[in-house]
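Participant: Take a look at the letters that make up each chain.
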Amino acid sequence: MNLMKLFARKPKSSGVAKQRLKLVITQDRFDANNRDIKQLHRELAEVLAKYFNFTMSAAQMSLKKEGNSYVLVADFPYENAG
Amino acid sequence: MGKVIVVTSGKGGVGKTTSTANLGTALALIGKTVVVIDADVGLRNLDVVMGLESRIVYTSMDVIENRCELSRALVKDKRVEGLMLLAASQKNNKDDIQPEQMKAICTELRATHDFVLVDSPAGIESGFRNAAAGAEEALVITTPDVSAIRDADRITGLLQHEGVEPINLVLNRLSPEMVRKGNMVSQSDVVGLLNLKLIGVVPEDREVIASTNRGIPLVHNKNSPGAQAYMRIAKRLTGQRIPIPELREKGFFSNILDWFSGNK
Ligand SMILES: Nc1ncnc2c1ncn2[C@@H]1O[C@H](COP(=O)(O)OP(=O)(O)OP(=O)(O)O)[C@@H](O)[C@H]1O
Ligand SMILES: [Mg+2]
Chain C
1 MNLMKLFARK PKSSGVAKQR LKLVITQDRF DANNRDIKQL HRELAEVLAK
51 YFNFTMSAAQ MSLKKEGNSY VLVADFPYEN AG
Chain V
1001 MGKVIVVTSG KGGVGKTTST ANLGTALALI GKTVVVIDAD VGLRNLDVVM
1051 GLESRIVYTS MDVIENRCEL SRALVKDKRV EGLMLLAASQ KNNKDDIQPE
1101 QMKAICTELR ATHDFVLVDS PAGIESGFRN AAAGAEEALV ITTPDVSAIR
1151 DADRITGLLQ HEGVEPINLV LNRLSPEMVR KGNMVSQSDV VGLLNLKLIG
1201 VVPEDREVIA STNRGIPLVH NKNSPGAQAY MRIAKRLTGQ RIPIPELREK
1251 GFFSNILDWF SGNK
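Which chain is which? The protein sequence lines are C and V, in order.
Quick note, the first sequence lines up with residues 1 to 82 if you use this note's numbering.
Quick note, the second sequence lines up with residues 1001 to 1264 if you use this note's numbering.
Calculated from the structure, these hints are not laboratory results.
Predicted model, so just to flag it, every value in this text is computed and none were measured.
Among the hints, erroneous ones may be present.
[Stated by the list, open to error] Estimated spans, in silico, between C-beta atoms of each pair:
| id | chain 1 | residue 1 | chain 2 | residue 2 | range |
| --- | --- | --- | --- | --- | --- |
| 1 | V | E1100 | C | Q39 | 23 to 31 Å |
| 2 | V | C1068 | C | K65 | 28 to 36 Å |
| 3 | V | R1180 | C | L44 | 31 to 39 Å |
| 4 | C | A59 | V | K1181 | 48 to 56 Å |
| 5 | C | Y70 | V | K1222 | 44 to 52 Å |
| 6 | V | R1180 | C | E46 | 51 to 59 Å |
| 7 | C | E79 | V | E1100 | 49 to 57 Å |
| 8 | C | Q39 | V | C1068 | 46 to 54 Å |
| 9 | C | F52 | V | N1093 | 53 to 61 Å |
| 10 | C | K65 | V | V1191 | 18 to 26 Å |
| 11 | C | E43 | V | I1244 | 41 to 49 Å |
| 12 | V | H1220 | C | M61 | 48 to 56 Å |
| 13 | C | K12 | V | N1093 | 37 to 45 Å |
[Stated by the list, open to error] Listed next, the stretches of chain C that the computed footprint assigns to chain V, with coverage defined by at least 3 CB atoms under 8 Å from CB atoms of chain V:
| id | segment |
| --- | --- |
| 14 | 13-20 |
| 15 | 25-35 |
A virtual CB, placed ideally from N, CA and C, is assigned to each residue, including glycine.
Given the sequences, and given the hints that come with them, work out the whole structure.
Facilitator: As structure tokens, this is what we get:
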């Protein structure tokens, strides 16, 4: 088993670097655009409020990692019937 | 009316000062009038890289505090006509200068020179903000490693926010051999990651250190690959269209030639 590991080819470090950079730069750009994200959040909330009741204070937007990419997640908790 | 270009990077030690000294010298060698400004207040280095440290009398601080006129604070380069240095004060720190004051200096200098290159300190704080304040264009320097590339992207965002345009990318210290072996990201990888126009690639070159030791910018030694790369970038800055070659490893033949010329 250990012998197998020894001979197994390590992935080229440049490929690993590229993949890591893609992710970290995406996250950095998202954070840097924080003001725009907040604005988007407000606008989305306004539109959604026309159709649904949701708990405004718990709403949030974030970037979620899925495998080798990111997805934008808008989380607007639906208000339970009282 | 000349151009004011800030040379910046985010991460430290990637070659901002080396690039400022060499591009300033290269531009002067092709007949342009140039002022290089050291904006690294408190940690100045451009003077030693250019070999002008013994001739500095006044700094940008003396100009800002009205102890000396701007034209008198400029130090003439000894080797090339048309090249001047405005040194940074060593006794002050980065918060002692305001962006408007740097901007005023740049505005005055661009009226009488073709190029004003501003060597920015590392970081994204006040030192960087001052260096970028008077600039309309930028050169972002990066090396092919993860942290430098990441910081280059961050600084690019800040420059774009300030309306600096165009922002060109210089990829420094590329080693074609390491790229081939898969241990360094390539020129096209870096361009793909950063949304910037590449203006040149400078290879890893031992002559850089030797030239800094001597205080003679690399571009004076026309044979070195680094010097040739900087000369090409300078020409591109003047608007000449020169294609960017993919850097190659030195072949067997050029290694032999180096050996005979004692250049190994
Ligand atoms: N192409 C190159 N090949 C080899 N060495 C290099 C190259 N470019 C820069 N260096 C070396 O890297 C070191 C850092 O360079 P330099 O001082 O220009 O970086 P800097 O970005 O100005 O640093 P700082 O952020 O501290 O101001 C120096 O020792 C320099 O000689
Ligand atoms: Mg420096």
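Participant: Which of the listed hints are not met by the structure?
Facilitator: Going through the list in order, the structure violates hints 2, 3 and respects the others.
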